[in-house]
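There are 2 protein chains.
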Amino acid sequence: MPASNQKFTDPVIVKSVIPKHRQDLLKWNGWGYKDSQFVIRDGVAYFTGQRYSIGNLTLPHLAPWVISVLNIDLNKYNVFNDLPKESDYPPPKLTKEIYEKLEKLNIPHSIKVIDRVVRAHGHTLKDIFILKYGRFDRIPDLVLWPKGHDDVVKIVKLADENDMVIIPFGGGTAVSGAVECPTGEDRPIISLDTTQMNRILWLDEKNLVACCESGIIGQDLERELNKLGFTCGHEPDSYEFSSLGGWVATRASGMKKNTYGNIEDLLVHVKMVTPKGLLQKNCQVPRLSCGPDFNHVIMGSEGSLGVITEVVLKIRPVPKIRRYGSIIFYDFEDGVNCMREVARQRCQPASIRLMDNDQFKFGLIVKPQSTFMESIVDGLKKVYVTKIKKFDPDRMCVMTLLFEGDENEVKVSEKRIYDIAATFRGV
Amino acid sequence: MPASNQKFTDPVIVKSVIPKHRQDLLKWNGWGYKDSQFVIRDGVAYFTGQRYSIGNLTLPHLAPWVISVLNIDLNKYNVFNDLPKESDYPPPKLTKEIYEKLEKLNIPHSIKVIDRVVRAHGHTLKDIFILKYGRFDRIPDLVLWPKGHDDVVKIVKLADENDMVIIPFGGGTAVSGAVECPTGEDRPIISLDTTQMNRILWLDEKNLVACCESGIIGQDLERELNKLGFTCGHEPDSYEFSSLGGWVATRASGMKKNTYGNIEDLLVHVKMVTPKGLLQKNCQVPRLSCGPDFNHVIMGSEGSLGVITEVVLKIRPVPKIRRYGSIIFYDFEDGVNCMREVARQRCQPASIRLMDNDQFKFGLIVKPQSTFMESIVDGLKKVYVTKIKKFDPDRMCVMTLLFEGDENEVKVSEKRIYDIAATFRGV
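Read top to bottom, the protein sequences are chains A and B. For the first sequence, full-length UniProt numbering gives the first residue as 1, with consecutive numbering after it. For the second sequence, full-length UniProt numbering gives the first residue as 1, with consecutive numbering after it.
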């Protein structure tokens, strides 16, 4: 990169929302923040905490729905596993000799059971069930927190020379099973936690690319880029907690992929440390016609080929306008046909999603209690849709939209989508 | 694909513009059609034939430019190699036994020198120089024209069992050297010509994908898709002559990639026959988050891993409007800065190219003699640009544009580009 394109001289040190000991802020046995969960008080549902828009508001429709549809007895409390104790799992499979070698690396580490357990799983239903009611057959023997690429090179070399297993760990939101420890694995297993390597190393504002360390968490990356006037635009549902390296290793898709692309469209370069050496391309061009593109073998490799340490990503200026929209359809088929026409005309906005009737209803069920005026407006809308347009509440579905760009672009895009939707009875 | 999405029942048999014996229509020792070349008559340059817009028109500026800039003596004629004779090259390195096995495949073949020579090279300057003034050290021993995937399977099996080399050959426009025969190759070399497998096997008009055999030539593919109301949109400069399989094998880029993407964006599926078996994905979804994407190893493999036989490509409805435009800049730097701003705002039209001053001048030099009225309009434009705007003819450069879409889209896009250009002194 020419020096004149550089937005800043020293790497940006990023203070992550997620602490090094993740269990201090996040649930050790469930999704997300400890302070954010559904609770019942006096038979009425709430969502705790102030992090989300439904925080601490009454959700009057939720409890009745949970009781009638999911057939749950709210008086019967679940008894979950306690926080794991040191005695719950066998000591790490590490000889004294190996442990000394690992200590000599001078890289922060832990052999505490809780640190090992929270890195023994992703976030599948099975994982959460085991955390709440069961026990993992195998957990990592040691957690290492490298501070950057060079630390990773040292770890991979040591592991290779001493027949140890490395499982890279970023945000821990995987649903592919790739962070699970194989049950019968007798070799020592290192959980290589990337989250302490999370700097933005450089940003080229002319070529609109940024180089980041792989452990940066989605929300941290987006916040820091926003401060500099840019956005990455990659928003998988996990993006509050998942890491850049994880996006690459799992070939992630984001909800704004129509505008920004999936991770394979955003990725320009990637550095991966393997036991056979470093895999990287040295040119800075975004595309080569010569030969296979091995970035596409790294993407989706799920940590099986090496440890991703640095990623060069495309970035864009923050869009001036970000506007949400929604369209109600008579039934799912109308919605699908509208989606097809939008695809045919290739005019998808940043995000466009079609919810079926169940999802539509659930959206209404988790709506907070509204103010008096809101109720009146909602009531009028409901009358319009169900009485005048004669939509059937048990068939209706909704399309949610997100438009991004400058005012004119967004207007043109909105008009186009709403015009298409109208031809499919969309309201 | 659901049967209801199928645009036609039987595969579309495509009559290619390019004949099986390519030298009947194409230059055996140069680019393109035999009837299309620059000639000098009475000291004035013409371009022969009616295929292109400059066909058979006087090009009054060309000869003086060639003489003064390229320092060429038009009275001195080049003496080129004659069409190669049978005696010019050694007989094919094929034992009687192998030849009999090949004949038993019952696939059309040739061992004629001319058929082998025209498939011994791509279209680099070096290739053309050898054709005109030299001789190839090694040419294929036999040309085979399989009629479809099953024929290719048979050929690859036979070659694998008998230690023969296969070099796949499509349009012959390669500039990577991959169709060259290695000089010291002692094993028999088969040139596998894909051009006789060029059907459109199916077209799914709802999901907007089409499956084609790999030998279909760009102009044939586009013409046939257009007849059905669709376009592929991939237009590498070679697209009159290059093949779909070649685009995939060489990871081609097209001039309308801003709208349609490069070949890696258009490709959904690909079938490749390798000595170890068939490489293909069986699902019809365009994208998978699971695992590496081996399509990206096939793309750019240049025939080294196997023979591409079928390709599923994204297609689109033919755009309603296709409009060209151009903008003149004071100098190249202004042009580059304008390009950067267009990239920053991500509003590239289908094609946007910046020509430097040399290219700009050359564009004027190959302009045909114009009519009286055209001369007056051109003269006025020239006065406006050089006298009123005070642009220097030795610094000016030009941006060429192609807009595609519906009338409104094109208008919005044009306005946006011309507005940006105006801020960089673009006219």
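Take these hints with a grain of salt, some might be off.
As the list claims (entries may be wrong) - Where chain B lies over chain A, by a calculated footprint (3+ residues, C-beta under 8 Å):
| # | stretch |
| --- | --- |
| 1 | 188-194 |
| 2 | 253-267 |
| 3 | 288-302 |
To be verified - Pairwise CB distance ranges (calculated):
| # | chain 1 | residue 1 | chain 2 | residue 2 | range |
| --- | --- | --- | --- | --- | --- |
| 4 | B | G184 | A | E161 | 35 to 43 Å |
| 5 | A | E333 | B | K101 | 51 to 59 Å |
| 6 | B | G277 | A | N56 | 37 to 45 Å |
| 7 | A | V153 | B | V336 | 32 to 40 Å |
| 8 | A | Q6 | B | Q37 | 43 to 51 Å |
| 9 | B | V336 | A | Q6 | 15 to 23 Å |
| 10 | A | E333 | B | D265 | 54 to 62 Å |
| 11 | B | K281 | A | Q50 | 54 to 62 Å |
| 12 | A | T274 | B | P11 | 41 to 49 Å |
These are computed hints drawn from the structure, not numbers from a lab. Glycine residues also receive a C-beta, built at the ideal position from the N, C-alpha and C atoms.
Next item on the list: With 37 to 45 Å as the target window, see if G277/B and N56/A comply at their CB atoms.
Entry: Once the Cβ atoms are compared, 60 Å apart, the range 37 to 45 Å for N56/A and G277/B is violated.
- Task: Just tell me: holds or violated, for the beta carbon distance of V336/B and Q6/A against 15 to 23 Å?
- Result: holds (19 Å)
Do the Cβ positions of K281/B and Q50/A conform to the proposed distance bound of 54 to 62 Å?
-> Check failed, 46 Å falls outside 54 to 62 Å.
Between Q6/A and Q37/B, does the beta-carbon spacing fit 43 to 51 Å?
holds (50 Å)
Measuring from beta carbon to beta carbon, are T274/A and P11/B in 41 to 49 Å? Since T274/A and P11/B have Cβ atoms about 44 Å apart, the given range 41 to 49 Å holds.
Cβ contact check, 8 Å cutoff: the stretch 253-267 of chain A against chain B, three residues minimum | n = 3 at 8 Å, threshold three: holds.
- Task: Count residues of the stretch 288-302 of chain A with a Cβ under 8 Å from any Cβ of chain B, then say if the count reaches three.
- Result: holds (count 15)
Assessment of proposed distance window 35 to 43 Å (beta carbons of G184/B, E161/A) = At 41 Å between Cβs, range holds.
Examine the stretch 188-194 of chain A for residues whose CB is less than 8 Å from any CB of chain B, and state whether their number is three or more.
Coverage by chain B is violated here, the residue count being 0 at a Cβ distance below 8 Å.
Check your understanding: Do the beta carbons of E333/A and D265/B sit within 54 to 62 Å of each other?
Key -> violated (30 Å)
- Query: Does 51 to 59 Å hold as the CB distance between E333/A and K101/B, or does it fail?
  - Reply: holds (57 Å)
- [ ] Determine whether the Cβ-Cβ distance between V153/A and V336/B falls within the hinted range of 32 to 40 Å.
- [x] holds (38 Å)
The structure fails hints 1, 6, 10 and 11 (numbered hints given earlier, in ascending order).
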